[in-house]
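Asks: Here is how the chains run, residue by residue.
4 protein chains.
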Amino acid sequence: MTDPLDVAGLQRRLADFAAARNWQQYHTPKNLAAALSVEASELVEIFQWLTPEESARVMADPDTAHRVTDEVADVLAYLLQLCEVLGIDPLTALDAKIDRNERRFPI
Amino acid sequence: MTDPLDVAGLQRRLADFAAARNWQQYHTPKNLAAALSVEASELVEIFQWLTPEESARVMADPDTAHRVTDEVADVLAYLLQLCEVLGIDPLTALDAKIDRNERRFPI
Amino acid sequence: MTDPLDVAGLQRRLADFAAARNWQQYHTPKNLAAALSVEASELVEIFQWLTPEESARVMADPDTAHRVTDEVADVLAYLLQLCEVLGIDPLTALDAKIDRNERRFPI
Amino acid sequence: MTDPLDVAGLQRRLADFAAARNWQQYHTPKNLAAALSVEASELVEIFQWLTPEESARVMADPDTAHRVTDEVADVLAYLLQLCEVLGIDPLTALDAKIDRNERRFPI
Numbered sequence: 001m002t003d004p005l006d007v008a009g010l011q012r013r014l015a016d017f018a019a020a021r022n023w024q025q026y027h028t029p030k031n032l033a034a035a036l037s038v039e040a041s042e043l044v045e046i047f048q049w050l051t052p053e054e055s056a057r058v059m060a061d062p063d064t065a066h067r068v069t070d071e072v073a074d075v076l077a078y079l080l081q082l083c084e085v086l087g088i089d090p091l092t093a094l095d096a097k098i099d100r101n102e103r104r105f106p107i
Numbered sequence: 001m002t003d004p005l006d007v008a009g010l011q012r013r014l015a016d017f018a019a020a021r022n023w024q025q026y027h028t029p030k031n032l033a034a035a036l037s038v039e040a041s042e043l044v045e046i047f048q049w050l051t052p053e054e055s056a057r058v059m060a061d062p063d064t065a066h067r068v069t070d071e072v073a074d075v076l077a078y079l080l081q082l083c084e085v086l087g088i089d090p091l092t093a094l095d096a097k098i099d100r101n102e103r104r105f106p107i
Numbered sequence: 001m002t003d004p005l006d007v008a009g010l011q012r013r014l015a016d017f018a019a020a021r022n023w024q025q026y027h028t029p030k031n032l033a034a035a036l037s038v039e040a041s042e043l044v045e046i047f048q049w050l051t052p053e054e055s056a057r058v059m060a061d062p063d064t065a066h067r068v069t070d071e072v073a074d075v076l077a078y079l080l081q082l083c084e085v086l087g088i089d090p091l092t093a094l095d096a097k098i099d100r101n102e103r104r105f106p107i
Numbered sequence: 001m002t003d004p005l006d007v008a009g010l011q012r013r014l015a016d017f018a019a020a021r022n023w024q025q026y027h028t029p030k031n032l033a034a035a036l037s038v039e040a041s042e043l044v045e046i047f048q049w050l051t052p053e054e055s056a057r058v059m060a061d062p063d064t065a066h067r068v069t070d071e072v073a074d075v076l077a078y079l080l081q082l083c084e085v086l087g088i089d090p091l092t093a094l095d096a097k098i099d100r101n102e103r104r105f106p107i
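Chains R, V, S and A supply the protein sequences, listed in that same order.
Be aware that the first sequence starts at 1, since it is given in my numbering, and climbs by one per residue.
Be aware that the second sequence starts at 1, since it is given in my numbering, and climbs by one per residue.
Be aware that the third sequence starts at 1, since it is given in my numbering, and climbs by one per residue.
Be aware that the fourth sequence starts at 1, since it is given in my numbering, and climbs by one per residue.
Be aware that a few hints might be false.
Stated by the list, open to error - Incomplete in silico selection of chain S near chain A, CB under 7 Å:
| id | residue |
| --- | --- |
| 1 | Leu5 |
| 2 | Leu10 |
| 3 | Ala20 |
| 4 | Lys30 |
| 5 | Leu36 |
| 6 | Ser37 |
| 7 | Ala40 |
| 8 | Val44 |
| 9 | Thr69 |
| 10 | Val72 |
| 11 | Val75 |
| 12 | Leu79 |
| 13 | Pro90 |
| 14 | Lys97 |
| 15 | Arg103 |
| 16 | Ile107 |
As the list claims (entries may be wrong) - Label pairs and their calculated CB-CB ranges:
| id | chain 1 | residue 1 | chain 2 | residue 2 | range |
| --- | --- | --- | --- | --- | --- |
| 17 | A | Asn101 | S | Gly87 | 20 to 30 Å |
| 18 | R | Ala19 | A | Ala15 | 44 to 54 Å |
| 19 | V | Glu102 | R | Asp63 | 15 to 25 Å |
| 20 | V | Asp70 | S | Ile107 | 45 to 55 Å |
| 21 | V | Asp61 | A | Asn101 | 21 to 31 Å |
| 22 | R | Ala19 | V | Met59 | 18 to 28 Å |
| 23 | R | Arg57 | V | Met59 | 34 to 44 Å |
| 24 | S | Trp23 | R | Arg103 | 47 to 57 Å |
| 25 | V | Met59 | S | Phe105 | 45 to 55 Å |
| 26 | R | Glu54 | V | Glu53 | 40 to 50 Å |
| 27 | S | Arg21 | R | Asp63 | 47 to 57 Å |
| 28 | V | Asp89 | S | Asp99 | 37 to 47 Å |
| 29 | A | Pro4 | V | Ala18 | 30 to 40 Å |
| 30 | R | Asn22 | S | Gly87 | 27 to 37 Å |
Please keep in mind that the hints were generated in silico from the structure rather than gathered at the bench.
Idealized CB from N, CA, C, for every residue including glycine.
Isolated chain R (complex conformation) (with noise of 0.2 Å):
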């Protein structure tokens, strides 16, 4: 039986995984947030030409959706290993915002 995925875990498997190869001298918060960025403008490509009716459906054919999901995961490694590094809680700042955001477009 294995425990169920959570962020905190996730985290720890990214931070092993870069430690193992090294590769922390380059996850300053400046390289991670430009690689952050970077993935999501890979997802951006998937979609760029496409109508909006013909986004709603790229799930429907396996290889575009793999590359989607795949895409999704590159961008929540660099946002978690941002936030890794920057003593950012994702969770909380996210449930933060959401708190302001009602306050500032109120229904």
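With chain R's structure known, arrange chains V, S and A on it following the hints.
Replies: This is chains V, S and A only, laid out in the frame that chain R set:
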């Protein structure tokens, strides 16, 4: 007493927030991917003129720390909403990607 | 009477502008590429929630037209400065790329 | 003897290239802005793990120099096509922006 934060709970809050403002109509995968990349670039903007060393100290300044945390939240918000509309589990996607990377980059 | 604008003249103005403010120290190719991508994302931000049809009409609104024109200028400014520090002639690079694309995508 | 390259001539080549392949249907301002940001990120990708000093030497390696030049061309191609569909003169836009910046950042 509040439950600990988790990804599924935050996705529910984000979906409720968008539904209450009738914003789901804008949330095509194409638009959410673009919004994600825009927020990732707002993170890059904070670091763009900093040296690697300065970038490692951004959290020491409270205003910059708040700004970085806020942008991290925005990136995560759009990533989770993109995953929701596409039916992707982001933690499972990342776990599988780390597995693949361990085979691709052996120690 | 003023000369017609050209790329070399604008690169000279940009270089003088940066030199007069002692900003060249920040203009590493890495930083200029990041700044270019940040400005490109500010262009994307203008369009991110628009339908394709709405995006085709952005110049009809004077405020949006001004904003788009301003972001186009920022993208071009960083592209020309990047080319300057790297010794790339942007028009020759594009001309050669169109040649390659004509062979790669025959009619 | 060939004419010297200019922006208007390159825009004409790009427009002819797209028209011959029936690609103008994809060239909404929204899509071109996204494509521009994707190409800008491909430039960033080349520099993302480099130190500032390494980034200053990218043109010393012929393969990297070719890759950088190619991405610069792609960014310029989408910028010129975006300007074409929006009716923006990019050189005039940049000239006016430098004027504004000179007032905004006095020496």
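Asks: All hints, please: hold or fail.
Replies: Going through the hints against the structure:
1. A cut of 7 Å between beta carbons decides the hint on Leu5(S): the least distance to chain A is about 4 Å, and the hint holds.
2. Hint on Leu10(S) holds. Least Cβ distance to chain A is approximately 5 Å, under the 7 Å limit.
3. The beta carbon of Ala20(S) comes within 5 Å of a beta carbon in chain A, closer than 7 Å, and the hint placing it at the interface holds.
4. Checking Lys30(S) against chain A: minimum C-beta separation of about 4 Å stays under 7 Å; hint holds.
5. The restraint placing Leu36(S) at the interface with chain A holds, with a minimum CB-CB distance near 5 Å, inside the 7 Å limit.
6. Interface hint status for Ser37(S): upheld, as the beta-carbon distance to the closest one in chain A is roughly 4 Å, under 7 Å.
7. The beta carbon of Ala40(S) is positioned within 7 Å of a beta carbon in chain A (closest approach about 4 Å), and the interface hint is therefore held.
8. Interface hint status for Val44(S): upheld, as the beta-carbon distance to the closest one in chain A is roughly 5 Å, under 7 Å.
9. Because the closest C-beta pair between Thr69(S) and chain A is about 5 Å apart, less than 7 Å, the hint holds.
10. For Val72(S), the shortest C-beta to C-beta distance to chain A is roughly 5 Å, which falls under 7 Å, so the interface hint holds.
11. Here the hint on Val75(S) is kept, as its CB sits about 6 Å from the closest CB of chain A, short of 7 Å.
12. For Leu79(S), the shortest C-beta to C-beta distance to chain A is roughly 6 Å, which falls under 7 Å, so the interface hint holds.
13. Checking Pro90(S) against chain A by beta carbon gives a least distance of about 5 Å; that is within 7 Å, so the hint holds.
14. Because the closest C-beta pair between Lys97(S) and chain A is about 4 Å apart, less than 7 Å, the hint holds.
15. Taken as an interface hint, Arg103(S) does not check out: its beta carbon lies about 12 Å from the nearest beta carbon of chain A, beyond 7 Å.
16. Restraint check, Ile107(S) versus chain A: the minimum CB separation of about 5 Å is within 7 Å; hint holds.
17. Checked against the hint of 20 to 30 Å, the C-beta distance between Asn101(A) and Gly87(S) comes to roughly 24 Å, which is consistent with it.
18. For Ala19(R) and Ala15(A), the Cβ-Cβ distance of about 52 Å falls inside the hinted range of 44 to 54 Å, so the restraint holds.
19. The supplied range of 15 to 25 Å is met by Glu102(V) and Asp63(R), whose beta-carbon atoms lie about 23 Å from each other.
20. Asp70(V) and Ile107(S) have their C-beta atoms about 49 Å apart, which keeps the hinted 45 to 55 Å range intact.
21. Between Asp61(V) and Asn101(A) the beta carbons are some 26 Å apart, a value that agrees with the proposed interval 21 to 31 Å.
22. In this structure the supplied range 18 to 28 Å holds for Ala19(R) paired with Met59(V), their Cβ-Cβ distance being about 21 Å.
23. A hinted range of 34 to 44 Å holds for the C-beta pair Arg57(R) and Met59(V), which are about 41 Å apart.
24. Distance hint check for Trp23(S) and Arg103(R): the Cβ-Cβ separation is about 38 Å, which falls outside the suggested range of 47 to 57 Å.
25. One distance hint, 45 to 55 Å for the beta-carbon pair Met59(V) and Phe105(S), holds here, with the actual separation near 48 Å.
26. A C-beta distance of roughly 45 Å is found between Glu54(R) and Glu53(V), which places it inside the suggested range of 40 to 50 Å.
27. At roughly 50 Å, the beta-carbon separation of Arg21(S) and Asp63(R) lies within the given 47 to 57 Å, and the hint holds.
28. Under the hint 37 to 47 Å, the C-beta atoms of Asp89(V) and Asp99(S), about 45 Å apart, fit the expected range.
29. Under the hint 30 to 40 Å, the C-beta atoms of Pro4(A) and Ala18(V), about 52 Å apart, miss the expected range.
30. For the hinted restraint 27 to 37 Å between Asn22(R) and Gly87(S), the CB-CB distance of approximately 33 Å keeps it satisfied.
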